[in-house]
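Undergrad: Spelled out, the chains give:
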Amino acid sequence: MKKLASIMIALVLAATATVSAFAAGINSNEQKVLDELKSVNISGVTISADYINQAEGYFNKIEMTADQSATIIKAINDVENYVKAAGVKDLRDLSLDQKNVLLGYLKTAGSALGLTVSFDGTAKLIIVKDAEGATVFSGSPYIYGSASSGNATVGDKNVIKTTGAETNFMGFGIAGAAAVLLVCGGSLYLVKTKKERA
Amino acid sequence: MSDRKRRHKHKRYNGKSFIILPIIFLLGTYLVLYLAFMPTVTTIANAGGLIFANYEKDFSNEYKNIFVPVSENSTQPTVTRDEVDDNGNTVTKEYIDSSSIEFPGYGNQFGELIIEDCGINNKLFYGDDDVALRNGVGIYTGSHLPGYGSTILVAGHNNTYFNGLKNAEEGQIVTIRTSYGNYTYKINHTAVKKATDTTAYDLSADRENLIMYTCYPFDELGLTERRFFVYADYVSGPQVDTSVQEGD
Chain A
1 MKKLASIMIA LVLAATATVS AFAAGINSNE QKVLDELKSV NISGVTISAD
51 YINQAEGYFN KIEMTADQSA TIIKAINDVE NYVKAAGVKD LRDLSLDQKN
101 VLLGYLKTAG SALGLTVSFD GTAKLIIVKD AEGATVFSGS PYIYGSASSG
151 NATVGDKNVI KTTGAETNFM GFGIAGAAAV LLVCGGSLYL VKTKKERA
Chain B
199 MSDRKRRHKH KRYNGKSFII LPIIFLLGTY LVLYLAFMPT VTTIANAGGL
249 IFANYEKDFS NEYKNIFVPV SENSTQPTVT RDEVDDNGNT VTKEYIDSSS
299 IEFPGYGNQF GELIIEDCGI NNKLFYGDDD VALRNGVGIY TGSHLPGYGS
349 TILVAGHNNT YFNGLKNAEE GQIVTIRTSY GNYTYKINHT AVKKATDTTA
399 YDLSADRENL IMYTCYPFDE LGLTERRFFV YADYVSGPQV DTSVQEGD
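Each protein sequence line maps, in turn, to chains A and B.
Quick note: the first sequence uses my numbering, first residue 1, plus one each step.
Quick note: the second sequence uses my numbering, first residue 199, plus one each step.
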């Protein structure tokens with residue numbers, strides 16, 4: 001009986017000790033990464049608030065370790081050093097190969113958190129997905145302002161979305177089919193009447 | 199009947215001439231036009247949408263819903279901090295413990311946005327992609343969430359979930375309900391600006407404010423370059439503890 005009581009007490013304690021808690025906001029490792037991003041200045045170009053906010057939003061869902069933070073900060077520094085070494089005055093002048101090198105550094109940073117980074121060349125979108133394949137970031141980088149005047153930022157080109165009338169493709173499909181039938185019917189009518197007239 | 203007419207009378211009409219060729223011609227022409235003028239496809243599709251009324255379709259399996267309404271008497275875990283106010287006095291402030299909040303993932307429904315005076319009562323998503331705007335209104339992930347002390351930028355379609363914004367006026371109240379608290383904002387002004395106007399918003403603001411927008415004019419079809427912005431000031435709602443936590 002005593003043993004049973006002990007087991008029951010242990011089970012109750014274990015259950016109450018299992019507190020469901022989410023990632024607790026921004027920890028010191030994540031803050032170091034955010035501070036590094038805010039301090040980036042490559043050829044007069046800094047990172048815009050929207051990109052930093054997106055990083056912060058994602059960090060609110062995870063718990064970054066010191067090692068992960070160090071890997072990401074190294075990747076950020078590698079990007080800065082690479083561009084400086086390339087001697088590019090304007091980031092827009094980077095060649096495709098150079099951009100691919102930068103994308104590689106971005107992939108290194110993402111992989112530290114189990115993220116996959118890809119670039120959709122058609123849509124000009126950088127897409128970041130987590131280990132479950134869910135999208136955590138999707139953006140089209142764009143340089144705003146003038147680097148020579150020191151107020152250029154790289155940020156999302158599509159902050160403001162297209163929010164016009166919603167498309168109804170079913171209606172378009174039916175309208176298109178109706179147009180085809182109209183053309184077929186019209187062709188048949190014209191040819192038949194032409195033959196009869198002849 | 200002439201010889202010519204007699205000959206043609208017995209000629210069989212070939213289906214290829216009247217059905218297949220017109221279809222091929224139509225599809226080929228459409229393909230060329232589509233590739234050459236891709237942006238205008240949306241306009242054509244929208245015209246088709248005018249002819250046939252939008253039907254109600256259940257898209258709920260497209261997204262994850264983490265919204266659990268906060269009941270009137272419920273309390274959230276809080277932390278207290280001593281801070282110095284503008285007058286130099288030390289005051290004790292209470293914040294929601296961030297570890298008690300399930301921060302939404304990209305594309306999650308995490309709340310509701312209500313403007314009673316405009317007849318707006320929509321699902322609120324974290325993210326403003328096609329799925330979100332097809333099911334409600336969405337917060338741009340480059341902005342902030344309610345309670346985090348900065349700009350909240352919300353998008354919605356002008357012919358569906360944000361059609362009511364055309365009735366937005368100064369003084370009206372906007373309510374945002376989340377799983378961690380209910381927030382109110384008061385509209386202070388509206389403005390029509392270009393979509394590319396970066397002065398329309400400040401994503402690094404250090405005070406909580408709400409910006410909602412949709413395409414303008416409200417009855418415009420296809421792509422528009424202007425947006426109707428509605429600006430609102432924070433009135434009430436619990437603030438989240440955003441202080442840096444210890445890492446390992």
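Incorrect hints may have been included.
Below, simulated BS3-like cross-link-like pairs (lysine-lysine); rule was C-alpha separation at most 27 Å, straight line [claimed, not checked]:
| hint | chain 1 | residue 1 | chain 2 | residue 2 |
| --- | --- | --- | --- | --- |
| 1 | A | Lys157 | B | Lys391 |
| 2 | A | Lys38 | A | Lys99 |
| 3 | B | Lys391 | A | Lys61 |
| 4 | B | Lys391 | A | Lys129 |
| 5 | A | Lys32 | B | Lys321 |
Partial list, computed: chain B residues near chain A (C-beta under 8 Å) [said to hold, decoys possible]:
| hint | residue |
| --- | --- |
| 6 | Ile264 |
| 7 | Val266 |
| 8 | Phe360 |
| 9 | Asn361 |
| 10 | Asp404 |
| 11 | Tyr429 |
| 12 | Tyr432 |
| 13 | Val433 |
| 14 | Pro436 |
If you're looking for bench data, these hints aren't it; they were derived computationally from the structure.
Just so you know, even glycine gets a beta-carbon here, dropped at the ideal spot from N, CA and C.
Undergrad: For every hint, state whether the structure bears it out.
TA: Hints, one by one, checked against the model:
1. A:Lys157 to B:Lys391: Holds, because 16 Å separates the two Cα atoms, which is no more than 27 Å.
2. A:Lys38 to A:Lys99: Satisfied, since the Cα-Cα distance of roughly 21 Å is no more than 27 Å.
3. B:Lys391 to A:Lys61: Violated: lysine 391 of chain B and lysine 61 of chain A sit about 34 Å apart, past 27 Å.
4. B:Lys391 to A:Lys129: It is violated: about 33 Å lies between the C-alpha atoms, which goes past 27 Å.
5. A:Lys32 to B:Lys321: Violated - the C-alpha atoms of lysine 321 of chain B and lysine 32 of chain A are around 35 Å apart, more than 27 Å.
6. Ile264: 11 Å, violated
7. Val266: With Cβ-Cβ at 13 Å, over 8 Å, it is violated.
8. Phe360: Hint on phenylalanine 360 of chain B: holds, closest Cβ of chain A at ~7 Å, below 8 Å.
9. Asn361: 10 Å, violated
10. Asp404: Check failed: Cβ of aspartate 404 of chain B comes no nearer than 11 Å to chain A, outside 8 Å.
11. Tyr429: This hint is violated: tyrosine 429 of chain B lies away from chain A, its Cβ roughly 14 Å from the closest one there, beyond 8 Å.
12. Tyr432: With a closest approach of 17 Å, the tyrosine 432 of chain B hint is violated.
13. Val433: It is violated, given that the least Cβ distance between valine 433 of chain B and chain A is near 23 Å, above 8 Å.
14. Pro436: 14 Å, violated
Of the hints listed earlier, those the structure fails to meet are numbers 3, 4, 5, 6, 7, 9, 10, 11, 12, 13 and 14, in rising order.
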